[in-house]
Amino acid sequence: MKRSVGEISDHMKEVSTNVGEINDEMREVSENIGETSDKKSEKNKKTQELRTDLRDGSDTDLTSTIPEIRRIHLEVCIEEEEKEKEEEEEEEEEEEEEEVEEEEKEEEEVVERTRHIQTQHPFNTRLKHLLH
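Quick note, the sequence shown lines up with residues 1 to 132 if you use the UniProt record's numbering.
Keep in mind the hints are simulated off the structure, nothing from the lab.
Just so you know, even glycine gets a beta-carbon here, dropped at the ideal spot from N, CA and C.
Watch out, some of these pointers could steer you wrong.
Simulated DEER-style distance windows between Cβ atoms [as the list claims (entries may be wrong)]:
1) Glu-96 with Glu-42: 31 to 41 Å
2) Glu-107 with Pro-67: 58 to 68 Å
3) Glu-31 with Glu-98: 16 to 26 Å
4) Glu-49 with Glu-99: 29 to 39 Å
5) Met-12 with Ser-37: 14 to 24 Å
6) Ile-8 with Lys-46: 52 to 62 Å
7) Ser-37 with Val-5: 46 to 56 Å
8) Glu-94 with Thr-36: 18 to 28 Å
9) Glu-109 with Ser-16: 31 to 41 Å
10) Ile-117 with Ser-30: 13 to 23 Å
11) Lys-46 with Glu-107: 53 to 63 Å
12) Glu-94 with Glu-49: 40 to 50 Å
13) Ile-33 with Glu-109: 35 to 45 Å
Produce the complete structure using the sequences and hints provided.
Next up, the structure:
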């Protein structure tokens, strides 16, 4: 399978673009993980404050703080579920892209083999001479 310099250059540009897109996606996932981590830290901080207040015997109004903790916990859980769904969708999209790329490669290989057979096979060469 010989490729021209242009084909190789085009392929390298495509690979470079794909790598850039993957880096962008990884950066976005990293930011999302950071946001989720911040929310978990906030939840843990509130919980720790409540424990400290209870241990110290302060008059903490639990009727107002417990619903707040539940709300924060619910928000974190919902965001985690959404991120998991997004990651699953991204993985499915990547798998589909990989399948398409594999099919394109297979088609390209078939075309190259067909060209090679058509141009290099001795029978075809003799047949060409007879036809011309």
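Evaluation of the provided hints:
Checked against the given bound of 31 to 41 Å, the beta carbons of Glu-96 and Glu-42, roughly 37 Å apart, stay inside it. Checking the proposed 58 to 68 Å range against Glu-107 and Pro-67 shows it holds: the Cβ atoms sit about 59 Å from each other. Take Glu-31 and Glu-98: their Cβ atoms lie about 25 Å apart, and the range 16 to 26 Å holds. Range check, Glu-49 to Glu-99: Cβ separation about 51 Å, and the 29 to 39 Å hint is violated.
The supplied range of 14 to 24 Å is broken by Met-12 and Ser-37, whose beta-carbon atoms lie about 37 Å from each other. In this structure, Ile-8 and Lys-46 meet the distance hint of 52 to 62 Å, their C-beta atoms being roughly 57 Å apart. Checking the proposed 46 to 56 Å range against Ser-37 and Val-5 shows it holds: the Cβ atoms sit about 47 Å from each other. A hinted range of 18 to 28 Å holds for the C-beta pair Glu-94 and Thr-36, which are about 21 Å apart.
Take Glu-109 and Ser-16: their Cβ atoms lie about 23 Å apart, and the range 31 to 41 Å is violated. Roughly 49 Å separates the CB atoms of Ile-117 and Ser-30, a value that falls outside the hinted 13 to 23 Å. Range check, Lys-46 to Glu-107: Cβ separation about 57 Å, and the 53 to 63 Å hint holds. A C-beta distance of roughly 42 Å is found between Glu-94 and Glu-49, which places it inside the suggested range of 40 to 50 Å.
Checked against the hint of 35 to 45 Å, the pair Ile-33 and Glu-109 passes, with Cβ atoms roughly 39 Å apart.
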